[in-house]
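**Q** Sequence:
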Amino acid sequence: MAIKGHIEEKWTYRQITEHFHIQDKDRVKKWMRTYKQLGKFGLLDQRVYKMGS
Numbered sequence: 064m065a066i067k068g069h070i071e072e073k074w075t076y077r078q079i080t081e082h083f084h085i086q087d088k089d090r091v092k093k094w095m096r097t098y099k100q101l102g103k104f105g106l107l108d109q110r111v112y113k114m115g116s
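Under my numbering, think of the first position of the sequence shown as 64, with each following residue one higher.
Treat the hints as calculated values from the structure; they're not laboratory data. Here the structure is a predicted model, which means the values were calculated and not measured. Among the hints, erroneous ones may be present.
[Claimed, not checked] Straight line, CA to CA, 25 Å or less: simulated DSS-like cross-link-like pairs of lysine-lysine: (1) K93 / K103; (2) K73 / K92; (3) K67 / K103; (4) K88 / K99; (5) K88 / K73; (6) K73 / K103.
With the hints as constraints, model all of the structure from the sequences given.
**A** Encoded structure:
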């Protein structure tokens, strides 16, 4: 939802962190970078995949 807010609703990082109660705005920036590079699948919880390795 945070990514969608930024892309579709043109929310700023500050608006996203305040709306979703996210303490670290750099985390939102990281999510956006990952989303731009890998799409929505890049945002999946990677711990699930590491356990099976």
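**Q** Hints broken by the structure, by number, lowest first?
**A** Hint check: nothing fails, all pass.
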